[in-house]
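What follows is the residue order along each chain.
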Amino acid sequence: MTVPLLQVRNLSHDFGGLRAVRGYNLEIGSGQIRGLIGPNGAGKTTIFNLITGIYKPGEGEILLNGEKINGLPPHRIASMGVSRTFQNLLLWRHMTVLEHVKMAHYSKIRYGWFGAFFGTPGRHREEAEIEGKAVHLLDRMGIRHLADQVVLNLPYGAQRRVEMARALATEPSILLLDEPTAGMNPEELEQVMEIIRRVHGEFRLSILLIEHRMKVVMELCETVQTLDFGAVIAEGTPEEIQNNPRVIDAYLGRERAD
Amino acid sequence: MAGEIWKPYSRVPLLGWFFGALVAVTLERLAGAPIARFVGLQKIPVLFGFSDMLKTPVLVPNVILYLLIVYVVPAAVATRLGVSPANGIAAALYRLPMAVTAAVHLALLYAILHVWAGISDYRVLVLRLTLIAVMLTLSLNVINGYMGEFSCSHPGFMALGAYCASVLTIGLFVDAQLFGAASLPPALGRFLFPLALILGGLVASVGALFVAIPSFRTRGDYLAIISLAFMFIVKSLIENLEFVRGPRGLSGHPDWADLPTVFLWTVLCVWSINNFVRSTIGKALNAVRDNEMAADAMTVDTRKTKIAAFLFGAFWAGIAGGLFAHVMRYVNPGNFGIQNLAEVLAMVYFGGLNSVYGSIVGAVSISLLGEALRPLEIFKWIIIPLLLILVMIFRPTGLIAFRDLDVANLLKPKTKPGGEG
Numbered sequence: 001m002t003v004p005l006l007q008v009r010n011l012s013h014d015f016g017g018l019r020a021v022r023g024y025n026l027e028i029g030s031g032q033i034r035g036l037i038g039p040n041g042a043g044k045t046t047i048f049n050l051i052t053g054i055y056k057p058g059e060g061e062i063l064l065n066g067e068k069i070n071g072l073p074p075h076r077i078a079s080m081g082v083s084r085t086f087q088n089l090l091l092w093r094h095m096t097v098l099e100h101v102k103m104a105h106y107s108k109i110r111y112g113w114f115g116a117f118f119g120t121p122g123r124h125r126e127e128a129e130i131e132g133k134a135v136h137l138l139d140r141m142g143i144r145h146l147a148d149q150v151v152l153n154l155p156y157g158a159q160r161r162v163e164m165a166r167a168l169a170t171e172p173s174i175l176l177l178d179e180p181t182a183g184m185n186p187e188e189l190e191q192v193m194e195i196i197r198r199v200h201g202e203f204r205l206s207i208l209l210i211e212h213r214m215k216v217v218m219e220l221c222e223t224v225q226t227l228d229f230g231a232v233i234a235e236g237t238p239e240e241i242q243n244n245p246r247v248i249d250a251y252l253g254r255e256r257a258d
Numbered sequence: 001m002a003g004e005i006w007k008p009y010s011r012v013p014l015l016g017w018f019f020g021a022l023v024a025v026t027l028e029r030l031a032g033a034p035i036a037r038f039v040g041l042q043k044i045p046v047l048f049g050f051s052d053m054l055k056t057p058v059l060v061p062n063v064i065l066y067l068l069i070v071y072v073v074p075a076a077v078a079t080r081l082g083v084s085p086a087n088g089i090a091a092a093l094y095r096l097p098m099a100v101t102a103a104v105h106l107a108l109l110y111a112i113l114h115v116w117a118g119i120s121d122y123r124v125l126v127l128r129l130t131l132i133a134v135m136l137t138l139s140l141n142v143i144n145g146y147m148g149e150f151s152c153s154h155p156g157f158m159a160l161g162a163y164c165a166s167v168l169t170i171g172l173f174v175d176a177q178l179f180g181a182a183s184l185p186p187a188l189g190r191f192l193f194p195l196a197l198i199l200g201g202l203v204a205s206v207g208a209l210f211v212a213i214p215s216f217r218t219r220g221d222y223l224a225i226i227s228l229a230f231m232f233i234v235k236s237l238i239e240n241l242e243f244v245r246g247p248r249g250l251s252g253h254p255d256w257a258d259l260p261t262v263f264l265w266t267v268l269c270v271w272s273i274n275n276f277v278r279s280t281i282g283k284a285l286n287a288v289r290d291n292e293m294a295a296d297a298m299t300v301d302t303r304k305t306k307i308a309a310f311l312f313g314a315f316w317a318g319i320a321g322g323l324f325a326h327v328m329r330y331v332n333p334g335n336f337g338i339q340n341l342a343e344v345l346a347m348v349y350f351g352g353l354n355s356v357y358g359s360i361v362g363a364v365s366i367s368l369l370g371e372a373l374r375p376l377e378i379f380k381w382i383i384i385p386l387l388l389i390l391v392m393i394f395r396p397t398g399l400i401a402f403r404d405l406d407v408a409n410l411l412k413p414k415t416k417p418g419g420e421g
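Order-wise, the sequence lines are chains A and B.
Counting from 1, one number per residue, gives the positions in the first sequence under our numbering.
Counting from 1, one number per residue, gives the positions in the second sequence under our numbering.
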């Protein structure tokens with residue numbers, strides 16, 4: 001059997017005395033879409049932060065294409081092909097949409113500091129190349145007309161798309177989406193799901209998705225893990241998960257009280 | 001009616017404005033003295049007549065008349081008459097490689113400054129100090145504006161550059177009591193002077209590394225505190241070094257930092273910093289400032305970016321320090337204290353964060369104001385801070401903040417009013 005794209009083994013992490021993640025395991029093959037659900041505070045975002053290197057895991061290993069990546073700085077992990085979006089939209093408020101997408105090419109820039117200071121021909125060529133790629137990507141995401149806008153002025157839905165475009169511009173092999181539909185109306189929700197489907201198809205990406213809306217999880221994910229108090233309590237297809245009593249317990253505690 | 005008069009001016013390319021300014025300064029050079037006498041002034045007002053007006057307020061109308069006759073009217077008329085030829089020439093230049101176009105504009109700008117400053121030595125001095133202030137302000141803006149950290153060590157970097165360059169030039173090219181006989185012929189000095197300055201800049205960068213390594217592990221106020229400490233350490237280090245005559249300072253610098261030299265270095269500084277902040281590598285500073293976690297997740301090596309930019313800013317502060325020492329031809333540790341820090345910080349925040357235009361405007365206006373208000377003595381230090389407070393209230397990020405300097409756009413001919421021309 002081939003090595004899975006991303007493999008997480010027995011991952012645990014503590015914040016002070018609080019065990020935020022305990023014994024978490026994950027295997028994602030190339031091109032799969034996985035869901036990660038669970039009540040607030042279950043540790044979903046912490047897992048993302050561990051995989052992307054923002055936190056250094058206390059225990060366990062994270063392997064990308066069989067290569068250990070835990071302990072590497074976040075920008076290294078990102079340039080190895082793990083990209084993400086953030087739950088609360090971490091955009092750069094003074095920068096334009098185009099600059100956002102260009103920035104994600106940072107690790108591939110070859111002209112170096114010298115080119116940056118002295119504007120060498122190589123730099124102009126490379127910047128033009130990056131800009132071409134960025135515009136192309138914006139086009140595919142349907143936000144090309146916003147290229148020169150400063151992100152602060154954009155509506156929420158458009159900002160979500162910018163973040164997605166930026167994440168894709170790093171040319172990842174796996175994309176971690178942290179609640180991509182948070183705060184969206186049903187129409188925007190459909191658009192985002194369409195984008196995720198398209199991205200998955202066109203870029204042949206693996207996707208790990210944190211989501212609260214069952215509709216999104218049901219329609220997009222092949223398998224779903226449910227997290228509660230930092231541990232996986234159920235794993236399976238969306239249908240199985242929906243009918244799992246432990247999940248209902250954790251997620252919809254009220255139902256049992258009836 | 002008024003709109004009709006102004007309308008043609010919207011189509012003036014930069015070249016046209018330069019042409020108008022050149023006409024005005026040439027007129028002053030040729031006929032300034034008789035015009036000054038004609039309007040009842042003893043001599044040509046050196047700095048737009050501010051000091052005359054402040055010393056003897058009766059002369060205010062005379063000075064204004066002089067400014068109108070010599071600067072405003074000739075420049076306005078020449079610019080107006082020159083709109084179409086200027087646009088023609090600008091269009092022709094624009095088709096040439098950008099380097100040539102820029103060089104022509106810079107030559108013209110230098111000509112204006114040269115003719116203007118030719119009236120008196122005082123103007124030459126003020127102009128050179130103003131250009132140095134531009135370098136300092138811009139290099140600090142890289143750190144405090146583009147990167148969004150708060151660094152206080154600029155006077156320290158300046159001192160390192162100033163002393164390093166001074167020791168090299170005085171030691172190698174001047175028969176000084178301190179360093180003995182000159183070991184190299186002064187004729188060679190003019191060519192080695194840039195090397196001395198660059199070495200000064202590099203020494204400042206090495207100093208910056210000592211600040212950067214501990215401060216950039218995390219974000220926050222660490223840099224402000226460490227850099228402030230650094231500034232004081234450098235100052236007291238020099239005060240206690242008998243090798244460079246401690247607090248008495250060094251003097252007898254060769255007179256190599258003349259107007260063209262300072263102008264060229266300033267151009268180089270503005271050009272390289274503008275190059276840097278407009279590249280994707282430079283924009284990473286903005287990403288780090290606006291959200292470091294996102295920058296990291298987008299493959300930006302944030303620590304390397306911050307350290308490199310900090311060293312780059314320090315390098316130019318070092319160069320500016322070296323030039324400063326050679327303009328004053330005297331340097332002592334007292335030049336590089338809290339007063340100097342306050343001035344350069346004021347220039348950065350007054351002019352505008354994250355903007356090359358802003359730094360130029362801030363440095364020029366605060367330097368000139370400082371000179372112009374000199375007759376007010378102590379009240380100068382009430383008026384300038386008051387202005388700064390007003391700017392902070394009404395434009396918290398400075399006069400011209402967050403604006404890119406697009407050289408190609410700036411030098412474009414303006415054939416169509418307003419539009420893409």
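Check each hint, because a few of them may be wrong.
[Said to hold, decoys possible] SDA-like cross-link-like pairs, simulated, lysine to any residue; straight-line CA separation at most 20 Å:
#1 B:K43 <-> B:L373
#2 B:K304 <-> A:G71
#3 B:K304 <-> A:R19
#4 A:K56 <-> A:R19
#5 B:K304 <-> A:P73
[Said to hold, decoys possible] If you want a taste of the chain B side facing chain A, the calculated C-beta under 8 Å gives, among others:
#6 T101
#7 H105
#8 L106
#9 L109
#10 Y110
#11 N275
#12 F276
#13 I281
#14 G282
#15 K283
#16 A284
#17 A287
#18 A294
#19 D296
#20 N335
Derived by calculation from the structure, the hints in this document are not laboratory data.
From the three backbone atoms N, C-alpha and C, an ideal C-beta is built for every residue, glycine too.
We went through each hint and held it up to the structure:
1. Distance restraint check for K43 of chain B and L373 of chain B: the Cα-Cα separation of roughly 19 Å lies within the 20 Å cut-off, and the hinted pair is therefore satisfied.
2. Restraint check for K304 of chain B and G71 of chain A: satisfied, since their Cα atoms lie roughly 18 Å apart, inside the 20 Å limit.
3. Restraint check for K304 of chain B and R19 of chain A: not satisfied, since their Cα atoms lie roughly 33 Å apart, outside the 20 Å limit.
4. Simply put, K56 of chain A and R19 of chain A have alpha-carbon atoms about 14 Å apart, close enough for the 20 Å limit, and the pair holds.
5. With a CA separation close to 12 Å, the supplied pair K304 of chain B and P73 of chain A stays within the 20 Å bound.
6. Interface restraint check for T101 of chain B: the shortest CB-CB distance to chain A comes to about 14 Å, outside 8 Å, so the restraint is violated.
7. Evaluation of the H105 of chain B hint against chain A yields a violated restraint, the C-beta minimum of about 17 Å exceeding 8 Å.
8. Annotation: interface hint on L106 of chain B violated; nearest CB of chain A at approximately 15 Å, more than 8 Å.
9. The closest approach between the C-beta of L109 of chain B and any C-beta of chain A is roughly 20 Å, which is over the 8 Å cut-off, so the hint fails.
10. For Y110 of chain B, the interface hint is violated, since its Cβ never comes within 8 Å of a Cβ in chain A; the closest pair sits about 21 Å apart.
11. Of the supplied interface hints, the one on N275 of chain B holds, with its beta-carbon coming within about 4 Å of a beta-carbon of chain A, less than 8 Å.
12. Checking F276 of chain B against chain A: minimum C-beta separation of about 5 Å stays under 8 Å; hint holds.
13. A least Cβ separation of about 4 Å between I281 of chain B and chain A falls short of the 8 Å threshold, and the interface hint therefore holds.
14. At a threshold of 8 Å, the smallest CB-CB gap from G282 of chain B to chain A is about 6 Å, leaving the interface hint in force.
15. At a threshold of 8 Å, the smallest CB-CB gap from K283 of chain B to chain A is about 6 Å, leaving the interface hint in force.
16. The beta carbon of A284 of chain B comes within 6 Å of a beta carbon in chain A, closer than 8 Å, and the hint placing it at the interface holds.
17. Checking A287 of chain B against chain A by beta carbon gives a least distance of about 5 Å; that is within 8 Å, so the hint holds.
18. The restraint placing A294 of chain B at the interface with chain A holds, with a minimum CB-CB distance near 4 Å, inside the 8 Å limit.
19. Of the supplied interface hints, the one on D296 of chain B holds, with its beta-carbon coming within about 4 Å of a beta-carbon of chain A, less than 8 Å.
20. Of the supplied interface hints, the one on N335 of chain B is violated, with its beta-carbon coming no nearer than about 28 Å to a beta-carbon of chain A, more than 8 Å.
Figure legend: structure checked against the earlier numbered hints; hints not met, in rising order: 3, 6, 7, 8, 9, 10 and 20.
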